[in-house]
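**Q** Given next are the chains, with one letter for each unit.
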Amino acid sequence: MGKILRVDLTTGILRDENLPEEPILKKFIGGQALASYILLKELSLDATPFGPENIVVMMTGPLTGNGFTPGGTKMTAVYLSPLTHTTLGRGATSGYWATYLKAAGYDGVILTGAAPKPVYLYINEGKAELRDAAKFWGLGTRATEDHLREAVGHREAKVLCIGPAGENMNRAAMLANDYNHFAAHSGGAVLGSKKLKAIVVHGTKRPSFRDKAKLVDAGWRWHQTLQQHDVKKKKTKYGHGEAWGVLNNLNWRSTELSPAHIRGFGENEVVLRPCFQCARLCPWDAKLGEGEFKGTVVHFNAGGEWLDTFFNLGIKGNAVLYLAEKINNLGIECSHFSCGAGVAFEAWEKGLLGPEKTNGLKLEWGNVEAVDKLLDMAARREGWLGNLLAEGPKQLAEAIGGDAPKWAVHTKGGTPAMHEWRPMLGQMLRELVASGGMKLQGGGSPKPPPDLRYREDWGPLAADKPMAGRGRMSYLNNTVNSPASSAVVGSPR
Amino acid sequence: MNQKPDGLNSIVDAFNAITGWNFTMDQALDAGQRSIILQSVFGTQRGWLADFDWQDVGPRFLEPIPDGKYKGFTIAKWLPDLIFEYYRLSGRHERTGRPFKKKRSIS
Numbered sequence: 018m019g020k021i022l023r024v025d026l027t028t029g030i031l032r033d034e035n036l037p038e039e040p041i042l043k044k045f046i047g048g049q050a051l052a053s054y055i056l057l058k059e060l061s062l063d064a065t066p067f068g069p070e071n072i073v074v075m076m077t078g079p080l081t082g083n084g085f086t087p088g089g090t091k092m093t094a095v096y097l098s099p100l101t102h103t104t105l106g107r108g109a110t111s112g113y114w115a116t117y118l119k120a121a122g123y124d125g126v127i128l129t130g131a132a133p134k135p136v137y138l139y140i141n142e143g144k145a146e147l148r149d150a151a152k153f154w155g156l157g158t159r160a161t162e163d164h165l166r167e168a169v170g171h172r173e174a175k176v177l178c179i180g181p182a183g184e185n186m187n188r189a190a191m192l193a194n195d196y197n198h199f200a201a202h203s204g205g206a207v208l209g210s211k212k213l214k215a216i217v218v219h220g221t222k223r224p225s226f227r228d229k230a231k232l233v234d235a236g237w238r239w240h241q242t243l244q245q246h247d248v249k250k251k252k253t254k255y256g257h258g259e260a261w262g263v264l265n266n267l268n269w270r271s272t273e274l275s276p277a278h279i280r281g282f283g284e285n286e287v288v289l290r291p292c293f294q295c296a297r298l299c300p301w302d303a304k305l306g307e308g309e310f311k312g313t314v315v316h317f318n319a320g321g322e323w324l325d326t327f328f329n330l331g332i333k334g335n336a337v338l339y340l341a342e343k344i345n346n347l348g349i350e351c352s353h354f355s356c357g358a359g360v361a362f363e364a365w366e367k368g369l370l371g372p373e374k375t376n377g378l379k380l381e382w383g384n385v386e387a388v389d390k391l392l393d394m395a396a397r398r399e400g401w402l403g404n405l406l407a408e409g410p411k412q413l414a415e416a417i418g419g420d421a422p423k424w425a426v427h428t429k430g431g432t433p434a435m436h437e438w439r440p441m442l443g444q445m446l447r448e449l450v451a452s453g454g455m456k457l458q459g460g461g462s463p464k465p466p467p468d469l470r471y472r473e474d475w476g477p478l479a480a481d482k483p484m485a486g487r488g489r490m491s492y493l494n495n496t497v498n499s500p501a502s503s504a505v506v507g508s509p510r
Numbered sequence: 047m048n049q050k051p052d053g054l055n056s057i058v059d060a061f062n063a064i065t066g067w068n069f070t071m072d073q074a075l076d077a078g079q080r081s082i083i084l085q086s087v088f089g090t091q092r093g094w095l096a097d098f099d100w101q102d103v104g105p106r107f108l109e110p111i112p113d114g115k116y117k118g119f120t121i122a123k124w125l126p127d128l129i130f131e132y133y134r135l136s137g138r139h140e141r142t143g144r145p146f147k148k149k150r151s152i153s
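Protein chains in written order, with my numbering: chain A, 18 to 510; chain R, 47 to 153.
Hints in this document: simulated from the structure, not taken from any laboratory. Fair warning: this is a prediction, and the values are worked out from it, not measured in the lab. For each residue, glycine too, the CB sits at the ideal point set by N, CA and C. Treat the hints with care, since some could be wrong.
Which stretches of chain R does chain A cover? Using the computed rule of at least three CB atoms under 8 Å from a CB of chain A, they are [claimed, not checked]: (1) 53 to 67; (2) 80 to 94; (3) 97 to 106; (4) 111 to 124; (5) 128 to 142.
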């Protein structure tokens with residue numbers, strides 16, 4: 018049976034625990050479900066998001082790291098959300114980290130308390146220790162990964178870490194791992210409040226399974242359902258919103274989609290990257306081949322929220338990819354920044370905000386230099402504006418006053434995945450009911466798998482409404498399909 | 047190997063091959079449903095209400111689409127009914143989000 022590592026950051030005491038008993042595992046399986054069960058039992062009712070009493074439970078699923086199926090790459094972290102203060106905060110990530118956590122001997126990690134000074138957790142071949150992180154504190158996520166791998170002396174060690182945004186408790190700070198992967202929705206901020214810079218994992222333990230032939234067969238059938246990503250599309254596509262023909266522009270005031278948005282993308286060198294044992298190839302790297310930031314190397318995952326993030330501030334072309342790499346290095350959830358900065362830019366346009374509150378930056382649409390600096394300010398809470406951007410669009414809009422609160426996009430203080438969802442009823446509903454003001458992951462395709470059996474064939478939408486069919490299908494997909502698959506593979510719902 | 051490509055079934059089959067359990071699709075779906083219910087219990091205990099889902103929303107997010115082929119469209123005309131229905135049909139109170147005991151047990 019699997020193990021959980023319990024880390025009390027206040028005292029520095031580490032303890033191994035067994036996974037819950039089988040009847041509990043059969044109810045919750047793994048991933049978000051099992052992590053939520055543990056959190057719900059342990060978290061005190063008077064806990065605050067940034068207090069030492071908040072708890073982070075990180076959990077893989079039974080399929081994570083099995084080596085024979087695609088999609089077995091997930092870790093989900095849950096905690097009290099710093100965005101809403103009342104709901105479950107949740108972030109999930111793919112790549113290799115979760116596989117290596119299991120290889121290091123653990124199915125999950127429970128983090129309690131807060132360290133008196135910056136530390137990182139190193140788990141190597143079943144042995145865990147807390148180490149001083151003073152010399153890594155302040156580094157971006159990229160340098161943190163590189164330096165920590167060097168520090169532990171294992172080139173293949175995997176690093177889950179926070180950047181400056183997490184350290185400064187930007188409310189939407191992310192966890193970053195394996196360069197291309199991020200667990201959004203505030204996990205980084207909670208780790209920052211606990212002064213935990215990173216969790217480095219290394220090990221060679223192999224996963225166990227009962228029936229190899231059946232596993233290989235299932236893995237092969239699963240593999241055949243994958244739609245592999247395509248290098249060409251990274252050079253010619255506008256991101257996810259293109260699927261229904263709209264992008265976010267000028268703080269959600271225009272849905273324009275023009276060739277200028279992807280100017281220069283065709284000249285970039287693009288390489289697709291796998292997650293562990295998965296041939297879908299969602300992650301990708303690029304070396305910019307055009308424009309002011311030519312030569313910059315960028316690391317992304319599929320999805321493209323980070324494209325709309327900067328389109329929304331009037332920026333187009335390869336500058337968008339440069340800024341997206343920067344926001345990943347700082348570790349800020351892109352929609353949180355974009356919806357906040359969007360309000361600030363609109364307030365500047367309408368005369369509600371002047372240079373005395375922007376550290377002298379001119380918040381004119383498309384001003385790449387201003388956004389570049391604003392990202393640093395938001396990550397480190399610099400100045401009036403940087404601090405409020407770190408709080409969120411709702412708080413910033415209220416502080417600006419006047420009509421600004423009407424211009425904010427947020428859900429319960431969090432922000433939706435950064436796409437123009439408004440024509441899509443099912444997706445909109447998904448964003449609105451999401452727990453931490455964040456999107457529900459695990460669905461995405463408007464078409465359910467062919468073997469899906471609906472439990473409740475329902476939906477309130479008329480067929481003649483725009484996108485109603487699609488919205489309804491996604492609605493079903495996200496309420497019925499994804500919960501099952503997510504609990505099994507260890508990803509969120 | 048001759049079976050048609052499938053999505054969810056292959057995941058549940060892989061899960062059973064790894065754990066040695068014999069879950070049906072319905073049992074796997076139940077685990078997902080419990081996760082949603084836990085999320086509601088967690089929020090309910092800490093002051094969240096389902097009403098926040100439509101009341102605590104940045105107004106711009108509910109504005110009609112400003113231009114283009116979807117101009118004028120907004121989810122707002124179906125609110126809050128859409129959210130009421132979502133909670134009601136998934137076994138929770140439509141205003142509070144509190145799960146009903148009879149729908150499915152969580153422990």
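**Q** Please go over all the hints and tell whether each is borne out by the structure.
**A** Against the structure, the hints come out as follows:
no. : hint       : verdict
1   : 53 to 67   : holds (count 15)
2   : 80 to 94   : holds (count 12)
3   : 97 to 106  : holds (count 8)
4   : 111 to 124 : holds (count 10)
5   : 128 to 142 : holds (count 7)
Comparing the model with each earlier hint shows no violations; every hint is respected.
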